[in-house]
Amino acid sequence: MKALLYKDFLVLWKQMKFVLFMVAIFCVMPDTGFSLNTFFVAYAGMLVPVTLFAYDERAKWDALAAMMPFTTWDLVLSRYVFAWLATAYAVFWYLLGYILLRGGITGESMVVLGAILTLLLAIQAIYFPILFRLGAEKGRMLLFVVIIGLMVLVAGATAVLEKLAISPSPLLFLGCFLAAVTMCIGSVKVSVKQYEQRTW
Amino acid sequence: MNAIQCRGLTKAYKDFTLDNITFDLPAGTILGLVGENGAGKSTTLKLLMDAIPRDGGQITVLDTDNQSPDFIQTKEDIGVVLDEACFPEVITPRELGKVMGYAYQNWEQDRYEAYLDRFRLPPDKKFKEFSKGMKMKLAIAVALSHKAKLLLLDEATSGLDPMVRDEILDVFNDFTRNEENTVIFSSHIVSDLEKICDYIAFLHHGKLVLFEEKDRLLEEYAILKGTAQQLDELDPAAVAGKKVTPYGAQALVRRSLIPAGFVTEHTNLEDIILFLAQEGSTSL
Chain A
1 MKALLYKDFL VLWKQMKFVL FMVAIFCVMP DTGFSLNTFF VAYAGMLVPV TLFAYDERAK
61 WDALAAMMPF TTWDLVLSRY VFAWLATAYA VFWYLLGYIL LRGGITGESM VVLGAILTLL
121 LAIQAIYFPI LFRLGAEKGR MLLFVVIIGL MVLVAGATAV LEKLAISPSP LLFLGCFLAA
181 VTMCIGSVKV SVKQYEQRTW
Chain B
201 MNAIQCRGLT KAYKDFTLDN ITFDLPAGTI LGLVGENGAG KSTTLKLLMD AIPRDGGQIT
261 VLDTDNQSPD FIQTKEDIGV VLDEACFPEV ITPRELGKVM GYAYQNWEQD RYEAYLDRFR
321 LPPDKKFKEF SKGMKMKLAI AVALSHKAKL LLLDEATSGL DPMVRDEILD VFNDFTRNEE
381 NTVIFSSHIV SDLEKICDYI AFLHHGKLVL FEEKDRLLEE YAILKGTAQQ LDELDPAAVA
441 GKKVTPYGAQ ALVRRSLIPA GFVTEHTNLE DIILFLAQEG STSL
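Note that the protein sequences, when read in sequence, are chains A and B. Here the first sequence stands for residues 1 to 200, where the numbers follow this note's numbering. Here the second sequence stands for residues 201 to 484, where the numbers follow this note's numbering.
Isolated chain A (complex conformation) (with noise of 0.2 Å):
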C-alpha cells in the first residue's frame, strides 16, 4: 500500500499544489460568515480523493494496476486512507486557524468539526464504492446525488427531533460519528467486492 499512497501523493503534489494552498488558506482564515473553513474541510476530504480517481482513469492506472502485486483491499483502502489523511490535512488548518486566528478552540467549534466530519464520513462511505464500480467518470454526478441525499436526511432527522422536543447532546452527536465510522468500515469492504466486479 505504500507505494499507491506515495503514488497519489506524488500525483497530488503535482497536479493539486494550488488545491492544497488553497485548503490551508480558507481552512486556517477567519470565519467570513459563509462557513467557508467548513467547506474546505468538506472539499479537502471529499473532492481531493475524487480528483485522483479521474486522474488515475485518464491514465490508466487502474488496468495495470490490477496486474501488479496488490492486493484488491491494498488497492481499495488506499483510496479510503488517502481520503481520510486528505481530511485530516484540511483539519489541521482549521484547528491551527482556530488556534492563531479565531481566539481558540471552543465547544462550538469542534461540533461543528465533527459534525461535518460526520458527514464527510458517511459521504465517503456511500460514494466510494459507486466509485469503484463506476469509476470516476460516471460517478461524478452521482456525488451530487449522495451529498443532496445525505443533506435531506439530516434535515429531516433534524426536524423530527424538534418536533419530538428532543435537543442534540454530545451523545447523539458522538453515536451519530461512530455510525459513520462503521459505515465507513463497511463501507470498504462493499468497495472491495465492487472494485471485484469491475472490468478494465
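A portion of the hints provided could be inaccurate.
As the list claims (entries may be wrong) - In silico BS3-like links for lysine-lysine, alpha-carbon gap of 30 Å or less:
{"hint": "1", "chain 1": "A", "residue 1": "K17", "chain 2": "B", "residue 2": "K407"}
{"hint": "2", "chain 1": "B", "residue 1": "K326", "chain 2": "A", "residue 2": "K14"}
{"hint": "3", "chain 1": "B", "residue 1": "K328", "chain 2": "A", "residue 2": "K138"}
{"hint": "4", "chain 1": "B", "residue 1": "K328", "chain 2": "A", "residue 2": "K60"}
{"hint": "5", "chain 1": "B", "residue 1": "K335", "chain 2": "A", "residue 2": "K138"}
{"hint": "6", "chain 1": "B", "residue 1": "K349", "chain 2": "A", "residue 2": "K60"}
{"hint": "7", "chain 1": "A", "residue 1": "K60", "chain 2": "B", "residue 2": "K335"}
{"hint": "8", "chain 1": "B", "residue 1": "K407", "chain 2": "A", "residue 2": "K60"}
{"hint": "9", "chain 1": "A", "residue 1": "K2", "chain 2": "B", "residue 2": "K328"}
{"hint": "10", "chain 1": "B", "residue 1": "K332", "chain 2": "A", "residue 2": "K2"}
{"hint": "11", "chain 1": "B", "residue 1": "K335", "chain 2": "B", "residue 2": "K349"}
{"hint": "12", "chain 1": "B", "residue 1": "K328", "chain 2": "A", "residue 2": "K17"}
{"hint": "13", "chain 1": "A", "residue 1": "K14", "chain 2": "B", "residue 2": "K298"}
{"hint": "14", "chain 1": "B", "residue 1": "K347", "chain 2": "A", "residue 2": "K2"}
{"hint": "15", "chain 1": "B", "residue 1": "K325", "chain 2": "A", "residue 2": "K2"}
{"hint": "16", "chain 1": "B", "residue 1": "K298", "chain 2": "A", "residue 2": "K2"}
{"hint": "17", "chain 1": "A", "residue 1": "K60", "chain 2": "B", "residue 2": "K332"}
{"hint": "18", "chain 1": "A", "residue 1": "K14", "chain 2": "B", "residue 2": "K335"}
{"hint": "19", "chain 1": "A", "residue 1": "K60", "chain 2": "B", "residue 2": "K298"}
{"hint": "20", "chain 1": "A", "residue 1": "K2", "chain 2": "B", "residue 2": "K326"}
{"hint": "21", "chain 1": "B", "residue 1": "K332", "chain 2": "A", "residue 2": "K17"}
{"hint": "22", "chain 1": "A", "residue 1": "K60", "chain 2": "B", "residue 2": "K326"}
{"hint": "23", "chain 1": "B", "residue 1": "K347", "chain 2": "A", "residue 2": "K60"}
{"hint": "24", "chain 1": "A", "residue 1": "K14", "chain 2": "B", "residue 2": "K332"}
{"hint": "25", "chain 1": "A", "residue 1": "K14", "chain 2": "B", "residue 2": "K328"}
{"hint": "26", "chain 1": "A", "residue 1": "K138", "chain 2": "B", "residue 2": "K214"}
{"hint": "27", "chain 1": "A", "residue 1": "K138", "chain 2": "B", "residue 2": "K332"}
Just so you know, the hints here were simulated from the structure itself, not pulled from any lab data.
Start from chain A and add chain B according to the hints.
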C-alpha cells in the same frame, strides 16, 4: 515445466465470448498471441493475471493457481507491459522507480537506471512529455527491473516505428537467454512475432484457432496456386484455407497431404494467419 497452463478459460461479455481457451506454454519460450482487434488477446492476458473475473476454466501461472492467495506473491515474478504505459502522466522515471521500489520486493534500482540509460530516457522528464516509443520503453524498463520470470506484453510494439520495435525485440530476446524466462507477446504485427516467437497462438472471434510451434507451422504449411478446379480436386484435409478470385486461386495446404507434382511455395506466418482468419477455413 510449463510456465502457463490454461484449461477451458471462458469469459462472456454482452457481445463477445472468449470461448474455452486451452493451452500449455513451456517455460523458457516466447509465445506470440495474434488475432484481429477484439479477438480476445487483451482479455486473455487480463484473465491470466486474474485482473478481471472469469466465467470458467482454470489457470496456473508459474506453478500457482492464479485465483489462490499465493498468486499475489507470484505477481512479483511477472512483468507486465500494456498497450498504453498506464503511468500517471505527471510522474518522472526517477519518481516512478521509487513507486515501483515500494511495489515490488525484488525491485532492482541499478538495473532500472541501466535500462533508462540504454533506452535514453531522461530520468527527470514528465511521463506526459514522452513520445509513444519512450513511454513503451519506460514500461519495458519497469517490467524488466524486478527479476521477472514471465513477461506479459500486450501490443507492446504497436504504434512504434520499425527501429524502436527492433530495439525492443532485441531486449525480449535477451530476456529469454535465461532458460527460465518466458514471454507472452500479443500483437497484430505478425512480422514481429515471426522474428522472435517459439510458439504461435491465433485467437479468432474469441476462439483459439491455433496453438503451435512456429517452426513446425512454417515447415508443415505451404501455399499452392492454381485454378479453383485444381484446388477442388485436392483432399479436403490437405486444404487449411483458400482464396478464390476471378484471376486464380490460392490455398494454404499441408505439404504432407499434397500429391507429388504440385508445386508449392514457402509460406510465412502472416499468410497462415490470413488464410485461417477467413470464414470457412479449417482449424489446424
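Tested hints:
no.: 1; hint: A:K17 <-> B:K407; in the structure: 49 Å, violated
no.: 2; hint: B:K326 <-> A:K14; in the structure: 10 Å, holds
no.: 3; hint: B:K328 <-> A:K138; in the structure: 24 Å, holds
no.: 4; hint: B:K328 <-> A:K60; in the structure: 13 Å, holds
no.: 5; hint: B:K335 <-> A:K138; in the structure: 27 Å, holds
no.: 6; hint: B:K349 <-> A:K60; in the structure: 25 Å, holds
no.: 7; hint: A:K60 <-> B:K335; in the structure: 13 Å, holds
no.: 8; hint: B:K407 <-> A:K60; in the structure: 27 Å, holds
no.: 9; hint: A:K2 <-> B:K328; in the structure: 24 Å, holds
no.: 10; hint: B:K332 <-> A:K2; in the structure: 29 Å, holds
no.: 11; hint: B:K335 <-> B:K349; in the structure: 22 Å, holds
no.: 12; hint: B:K328 <-> A:K17; in the structure: 18 Å, holds
no.: 13; hint: A:K14 <-> B:K298; in the structure: 16 Å, holds
no.: 14; hint: B:K347 <-> A:K2; in the structure: 20 Å, holds
no.: 15; hint: B:K325 <-> A:K2; in the structure: 23 Å, holds
no.: 16; hint: B:K298 <-> A:K2; in the structure: 11 Å, holds
no.: 17; hint: A:K60 <-> B:K332; in the structure: 15 Å, holds
no.: 18; hint: A:K14 <-> B:K335; in the structure: 19 Å, holds
no.: 19; hint: A:K60 <-> B:K298; in the structure: 19 Å, holds
no.: 20; hint: A:K2 <-> B:K326; in the structure: 22 Å, holds
no.: 21; hint: B:K332 <-> A:K17; in the structure: 27 Å, holds
no.: 22; hint: A:K60 <-> B:K326; in the structure: 16 Å, holds
no.: 23; hint: B:K347 <-> A:K60; in the structure: 24 Å, holds
no.: 24; hint: A:K14 <-> B:K332; in the structure: 22 Å, holds
no.: 25; hint: A:K14 <-> B:K328; in the structure: 13 Å, holds
no.: 26; hint: A:K138 <-> B:K214; in the structure: 19 Å, holds
no.: 27; hint: A:K138 <-> B:K332; in the structure: 28 Å, holds
Figure legend: structure checked against the earlier numbered hints; the only hint not met is number 1.
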